[in-house]
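Trainee: Chains A and B, in that order, give the protein sequences.
All residue numbers for the first sequence refer to this note's numbering, where the first residue is 1 and numbers rise by one.
All residue numbers for the second sequence refer to this note's numbering, where the first residue is 1 and numbers rise by one.
Calculated from the structure, these hints are not laboratory results.
A couple of the hints might just be wrong.
Repeated chains share a single entry, so a pair holds when one copy, or any two copies, can fit it.
Straight-line C-alpha distance at most 27 Å; calculated DSSO-like pairs for lysine-lysine [as the list claims (entries may be wrong)]:
(1) K125 / K143
(2) K68 / K10
(3) K131 / K10
(4) K432 / K131
(5) K10 / K59
(6) K143 / K59
(7) K520 / K563
(8) K176 / K350
(9) K176 / K442
(10) K106 / K143
(11) K10 / K60
(12) K331 / K21
(13) K196 / K60
There are 2 protein chains.
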Amino acid sequence: MRGRIMRYSKLFGKTIKDTPKDAILVSHTLLYRAGFIRESTAGRYYLLPLGIRVHDKIKKITKEGMDKAGAQEVVTPILHPKYLWEETNRTSSVGFELMTIKDRNKFEFVLGGTAEEMLVDLVRKFQISYKDLPFNLYQFSSKFRDEMRTRGGLLRLREFVMKDAYSFHATEEEFKKEYQSMWEIYTRIFDRLGLKTIVVESDNGYIGGEYCHEFVVESEAGESKFFTTKDGSYAAHEEVAKFQRDQKNVGEAEKPVQEVEAVRGTTMEDGVKLHGLPLWQQIKDVLFVDEKGRFILAIIRGDYEVNEIKLMHLVKAYQLRHGTDEEIRQKINSEPGFISPVGIKEIIEKDVKLVVVADTSLRTIKNAYGGANKKHKDRLNMNIDRDYASDLEGDIALAKEGYLSLEGKPFFAKKGIEVGNIFQLGFHYSAKMHDANFVDEKGKAKPYYMGCYGIGLARTMATIVEVYHDDKGIVWPEAVAPFQVHLIHLGGVHSARLAGASAKRATSEVREIAEEVYKKLQEEGVEVLWDDRGNVSAGEKFADADLIGIPIRLVISSKTEEKIEWKERTKSESELLTPLQVLQRLSSRTED
Amino acid sequence: MRGRIMRYSKLFGKTIKDTPKDAILVSHTLLYRAGFIRESTAGRYYLLPLGIRVHDKIKKITKEGMDKAGAQEVVTPILHPKYLWEETNRTSSVGFELMTIKDRNKFEFVLGGTAEEMLVDLVRKFQISYKDLPFNLYQFSSKFRDEMRTRGGLLRLREFVMKDAYSFHATEEEFKKEYQSMWEIYTRIFDRLGLKTIVVESDNGYIGGEYCHEFVVESEAGESKFFTTKDGSYAAHEEVAKFQRDQKNVGEAEKPVQEVEAVRGTTMEDGVKLHGLPLWQQIKDVLFVDEKGRFILAIIRGDYEVNEIKLMHLVKAYQLRHGTDEEIRQKINSEPGFISPVGIKEIIEKDVKLVVVADTSLRTIKNAYGGANKKHKDRLNMNIDRDYASDLEGDIALAKEGYLSLEGKPFFAKKGIEVGNIFQLGFHYSAKMHDANFVDEKGKAKPYYMGCYGIGLARTMATIVEVYHDDKGIVWPEAVAPFQVHLIHLGGVHSARLAGASAKRATSEVREIAEEVYKKLQEEGVEVLWDDRGNVSAGEKFADADLIGIPIRLVISSKTEEKIEWKERTKSESELLTPLQVLQRLSSRTED
Chain A
1 MRGRIMRYSK LFGKTIKDTP KDAILVSHTL LYRAGFIRES TAGRYYLLPL GIRVHDKIKK
61 ITKEGMDKAG AQEVVTPILH PKYLWEETNR TSSVGFELMT IKDRNKFEFV LGGTAEEMLV
121 DLVRKFQISY KDLPFNLYQF SSKFRDEMRT RGGLLRLREF VMKDAYSFHA TEEEFKKEYQ
181 SMWEIYTRIF DRLGLKTIVV ESDNGYIGGE YCHEFVVESE AGESKFFTTK DGSYAAHEEV
241 AKFQRDQKNV GEAEKPVQEV EAVRGTTMED GVKLHGLPLW QQIKDVLFVD EKGRFILAII
301 RGDYEVNEIK LMHLVKAYQL RHGTDEEIRQ KINSEPGFIS PVGIKEIIEK DVKLVVVADT
361 SLRTIKNAYG GANKKHKDRL NMNIDRDYAS DLEGDIALAK EGYLSLEGKP FFAKKGIEVG
421 NIFQLGFHYS AKMHDANFVD EKGKAKPYYM GCYGIGLART MATIVEVYHD DKGIVWPEAV
481 APFQVHLIHL GGVHSARLAG ASAKRATSEV REIAEEVYKK LQEEGVEVLW DDRGNVSAGE
541 KFADADLIGI PIRLVISSKT EEKIEWKERT KSESELLTPL QVLQRLSSRT ED
Chain B
1 MRGRIMRYSK LFGKTIKDTP KDAILVSHTL LYRAGFIRES TAGRYYLLPL GIRVHDKIKK
61 ITKEGMDKAG AQEVVTPILH PKYLWEETNR TSSVGFELMT IKDRNKFEFV LGGTAEEMLV
121 DLVRKFQISY KDLPFNLYQF SSKFRDEMRT RGGLLRLREF VMKDAYSFHA TEEEFKKEYQ
181 SMWEIYTRIF DRLGLKTIVV ESDNGYIGGE YCHEFVVESE AGESKFFTTK DGSYAAHEEV
241 AKFQRDQKNV GEAEKPVQEV EAVRGTTMED GVKLHGLPLW QQIKDVLFVD EKGRFILAII
301 RGDYEVNEIK LMHLVKAYQL RHGTDEEIRQ KINSEPGFIS PVGIKEIIEK DVKLVVVADT
361 SLRTIKNAYG GANKKHKDRL NMNIDRDYAS DLEGDIALAK EGYLSLEGKP FFAKKGIEVG
421 NIFQLGFHYS AKMHDANFVD EKGKAKPYYM GCYGIGLART MATIVEVYHD DKGIVWPEAV
481 APFQVHLIHL GGVHSARLAG ASAKRATSEV REIAEEVYKK LQEEGVEVLW DDRGNVSAGE
541 KFADADLIGI PIRLVISSKT EEKIEWKERT KSESELLTPL QVLQRLSSRT ED
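Based on the provided sequences and hints, a complete structural model is requested.
Mentor: See below:
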C-alpha cells in the first residue's frame, strides 16, 4: 500500500512562504503555499501529489453518489466533432467561449465545455426502447471554457475535470423523479465533502432547457449573487430571481399627453430634478443590439434596472450589447437620454428591425414621464396601451435586496460559490438532433426527454479550502484530506547541536521510534505523511503541518517518552496517548 | 456498493450481432459486439460502462505498480502552452502529428502526445537540490496523436489515456537504476494484467534521447516488427536492429576503375543481369530529401536495404522523402538508376547541399559496380576510400530474418503490439530548456538527467482481448474483467410458455432465488452482472455471457434445484455447487 504513505523529504511539492502575485483568494494562496497546485498558464493548473490526492477523494465520493443513484459511468472523447455542435446550433450560441481545432485532414473539432451533443450522439447509436428508459450516464472528463478572465486559483478555470451526467426519459414525469433524485444525491455528495449547499434557481447559460438549479456554498469568495427569503422557501440567482412589482399610482386618472421643453442632462436623475416627479414615474429606455444586429428597446419603470439575462431569454438572443449614441441617432432617429417608446416604430430607419420589450412594472404606474425622441423634449402623462405598446411584455427587471418574493417575503442578498448544477433540458437537444428517439410501446419513434447534472471537481476543492481554513492554513475535512495523519518526530540536528552529544543519541532514537510508528500505521492502512526531516526545527514542522491541514497531527519526541502526542487540526489542545490508543482512535474514525 | 453490481436489463450498451464495417482486428469486433466501446470519429472512442470498468482496472493496476516503485502522481493541463514546445524545437520535429489551438486571446496551445516539456516546466518552478533527487512523477491523462491513418478499434488511436512518467536524476548512474526499476515494474504490471511482454530495443521517434525499449506482446495483430535470437539474449525492433555484415570478397585485389557502356533498365536486377556479377557486389544508391531540403545520398551494399529510421538518426533529420527523377537530373546532374558516389560532389548544382552516407557494408566488398551518373553508363571496380568517400559512415541497413546478431546468433522475425515503452532522455530536454537544473553539493546549478515511461491504457485493453479470446467471445483475465461473476437464471417467458402453467410458477421462483443470490453476492462484495431478462432463451443468455467474457458464470434454473451451476469461461465443463461452496470459491479467488 505504498500509495497511502509518504515521507515529507521525498514529497514533490513542499510548502513555501511566498504567495502567488495575483492571489486574491485565500484558497489560491493556501493551495499554492501548501504545495497542492501550481499554475501552468492562466486558468490552467498542475495538480501536485498532495493536490491530486484531494482531487481523487472528491472524485471517489462523487462517483459513489452517482453509482448509488443508479447512474452508469462512460467516457467520451475530449475532441467533439464540430458537426454535432452545428446540429444543435451551439457553435453560434456559445459564441466566444468555444475553442475549435482542425486535424491534419481538416476535420474540425470542438473542445467542449459540456457534452450534451456527444451523449445524444452516443445514445442514438443504440436502438433505445421505452424498456431501456430511463437511464443516466455520467463521466469524469476534462472540460474547457475559453473565459475572458480567470480568477486566481481553482475557482474559475479554463480547463478542469467535471463530473457531467445526462439522463434520458420517456416522459417529463419520469425526468422529474430523476431531477429530484439528483437534487438529493448532490446534497448528500456535498455533505460528505463537508459542504453545506443552498439550491438556487439559476440561469442555464448556453446549456438550454427551461429551468435549472445551482448548488451554492455561501462564501464571500463566490461569484454567484443570489437572493433568499428568511425561511429559505425561495432561493434564486440574481440573474433569474422573480419578485413582486409594487403598485404605485395605479388609481390615478389618465391625463392627456403633453410634450414639453426639457433642457436637461441625459440621466434619469436629470429627469427627476427637472420635473420634480418621482423616479418610479419615469420610463427608463435602454437600447441593445443582439448578435444578429436586431435592435432591442427595453422599457421599464424608472426605479428598476434591466436584467440582461432575463431580457435575452425573452427576446431569444445569445448576446447583447448596448446601442451606441450614433446608432440611437442614425438608426433609431432618436436622441440619447431622450428615447421614448411613444411612436418609435414610425421614426426608425426602414432597414432597422426594432423589438420593444416592456417590463410588467410599467403596469404599476400611470401618467409616466420621459423623453420624446428629440433633444431637450420630454413627454408627460404617457400611459401603456393608450400611448405606447410593446412587442413583448414580461419580466426583465433585476431583483435587489429587500424586494419581495412572489410569495411576499423580503429578499436577502447572499454571495456564494457554485459547485454543482442540475438542468432540465427537456426536448432541447432531442428535438434538434436527428434520430434522438426511443421507440414507445406502440412502436412509434419519440424524442426523449433529458436532463443534465454537473460537478466541477477542482472548484469544489477550492471551495472546501475557502470554507475550511484558519490563519495558519488549511483545515481539511477528514473525507477529503490528502492524508489522515501528519506524523512528526522532533529532535533534529539543530536541537541536538544545542544539547550536546547525549541528546544526539536521543535524537536518533526518536527517529527510530517514528519510523516504527510510520510502518505500523502503514500496516494498519492509515494514510500518513511523515515529516522525516532531521534538520528542521519543531516550529517549522508545526507550521508546515498547520499549513497543509491534515486532520490529525502525531508528535513523537523525547518529551513524549513512550507516548505519542495527538492533536487534531481543528482543536488547540493536545493529548498524550499510548501507541495502542492512537491506533484505536484512528480505526474508530475511519469511515466507509 | 452499488457500483459493483449491475442488472443486465439496465446496462447501457448491450451485446449486438453485427460487426463494425471496417473491423479487421478481433479486439475491435469483440469489444464492439460485446458492448464495451463505440466509435465517435475515426480513432476516437466512447467507452461504455463495461469498457470503463476494464479501463479503470488497468489504470488501478498501473497506478499500484507506479506507487510501489515510489513514483508520485501529478496531473498537467491537457493544453500545453506552445512556447514550451518551441523551447525544445519539438514543434518542428514532431511535424504533422501535432495539433495546435488558439484561445480567444490568440494564445497558442499544443495538444500533446507526450508531456516532457510540461514536466520540466513544472519541476523548474521549484528550487530542486541534489537532496530532492531522484524523483519520478507520473500522470494519467489524455494524449493526442494526429495519425494519418487509424486502425479499427483501440490499437491505434488519435486520442487515448496514457500513464506517462518522467524521472529526474543527478547522475546517469542514478537514472540507470530507475530505468532498471521501471523495466521490472512494467514487466510486473503487464504480468498482473495477464500479458507476457518482450522488451525490445526500439526507436525513440520524436521523444529524443539515446536509447529506449518497447514492451511488446507477441501478436499477429501487432504493428511492431522485431527480431529476437533464439535464446532471447537480443530483441530489437526492425527500425533499430543491429546485425553483422558478412564479409564478401574482401581478399580480392583492387582492380582499376572502368567506365562501360550499360544499356539497361534502372533496377538493381538489371545491373546484375547486364554484368553477370552478384547483387552484393553492386552499390545501391538511394537519394532522399530531408525536411530542410538537404539531399541525402544513402549508399549501401546491393543485397541490403536502407533503413530510413537509422538514416534519419545518423543525418539528424526529422523527415525524409525520396528524391524525384527530376531532382536527380536537375539538382544532382545524375540519372535515375545510374547514380554513383564517385565524383558526385563535383557534378551537383552549386546551391545543392548533398550529404553522402555510407553503410558499413561497403567495407565488406571490393571492386564494386554500379552507375556512373550518366544514362547507360556503368562503372566497374569501385572501391571505397580509393574511388569514393562518404560524409558519414555508419549503420543504415535494414535487418532481416536470418541475419546474425552482433553476437553471431540468427534473427527470428516476430510481430507484436507495443503496450508500453521506456526512454532514456538524458540531457535532451534539460539542456534545451532554461532553468532545467538542480543545485549540487557545491551549490552549482547542473542540468538533470531524465527518463520517461509510458503505458497506453486503451491499447493495453485491446491487447488483452487479442490474447484472451476464443471463437465465442472475450475471455477476460480475472484481474481486469468488468465483473467477476455473470449470474444467469433460466426459465423465462419463453420456456414457461412451452411448459405451461406449472413451469410458470417455477420460473418466478427461479427468478426469486436468483435475486437472493444476487443480493448475497453484493453483500459479499463480489462484482456481479445479473442477466435478469425474463424473455430471453437460455442459448441467448449463454452466448451473451461467452461474448462478454466474465470469468465465472453462475446458472440457476429449475434443473439445478437447490444448487448453482459454476462454469469458468476458460473451461468447458461445469459443476453443481451449493451456494456456500460458491461463496467460498469466490472468496478464495479474490486477489489483493
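Trainee: Check K131 against K10 for me: Cα-Cα at most 27 Å, and say if that holds within a copy, between copies, both or neither.
Mentor: Classified as between; 9 Å across copies, 55 Å inside a copy.
Trainee: From the Cα coordinates, with 27 Å as the cut-off, is the pair K10 and K59 best called within, between, both, or neither?
Mentor: Answer is both: 25 Å inside a copy and 24 Å across each meet the 27 Å cutoff.
Trainee: Taking 27 Å as the upper bound on the Cα-Cα distance, should K196 and K60 be classified as within, between, both, or neither?
Mentor: within (19 Å within a copy, 32 Å between copies)
Trainee: With identical chains, the pair K520 and K563 could be close in the same copy or across copies; at 27 Å between alpha carbons, which is it: within, between, both, or neither?
Mentor: Answer is within: at 15 Å inside a copy they meet the 27 Å cutoff, but 44 Å across does not.
Trainee: From the Cα coordinates, with 27 Å as the cut-off, is the pair K176 and K350 best called within, between, both, or neither?
Mentor: The answer is neither: 47 Å in one copy and 79 Å across copies each exceed 27 Å.
Trainee: Between K143 and K59, at a C-alpha cutoff of 27 Å, which is it: within one copy, between copies, both, or neither?
Mentor: both (15 Å within a copy, 21 Å between copies)
Trainee: With identical chains, the pair K106 and K143 could be close in the same copy or across copies; at 27 Å between alpha carbons, which is it: within, between, both, or neither?
Mentor: both (23 Å within a copy, 19 Å between copies)
Trainee: Using 27 Å as the alpha-carbon threshold, which applies to K176 and K442: within, between, both, or neither?
Mentor: within (23 Å within a copy, 69 Å between copies)
Trainee: At most 27 Å between CA atoms: does that hold for K432 and K131 within a copy, between copies, both, or neither?
Mentor: Answer is within: at 23 Å inside a copy they meet the 27 Å cutoff, but 60 Å across does not.
Trainee: Between copies, within a copy, both or neither: which fits K125 and K143 at Cα up to 27 Å?
Mentor: both (23 Å within a copy, 25 Å between copies)
Trainee: Given identical chains, is K10 near K60, meaning Cα to Cα at most 27 Å, within a copy, between copies, both, or neither?
Mentor: both (26 Å within a copy, 23 Å between copies)
Trainee: Could you figure out if K331 and K21 sit no more than 27 Å apart (CA to CA) within one copy, between two copies, both or neither?
Mentor: neither (47 Å within a copy, 58 Å between copies)
Consistency note: the structure conflicts with the earlier hints numbered 8 and 12.
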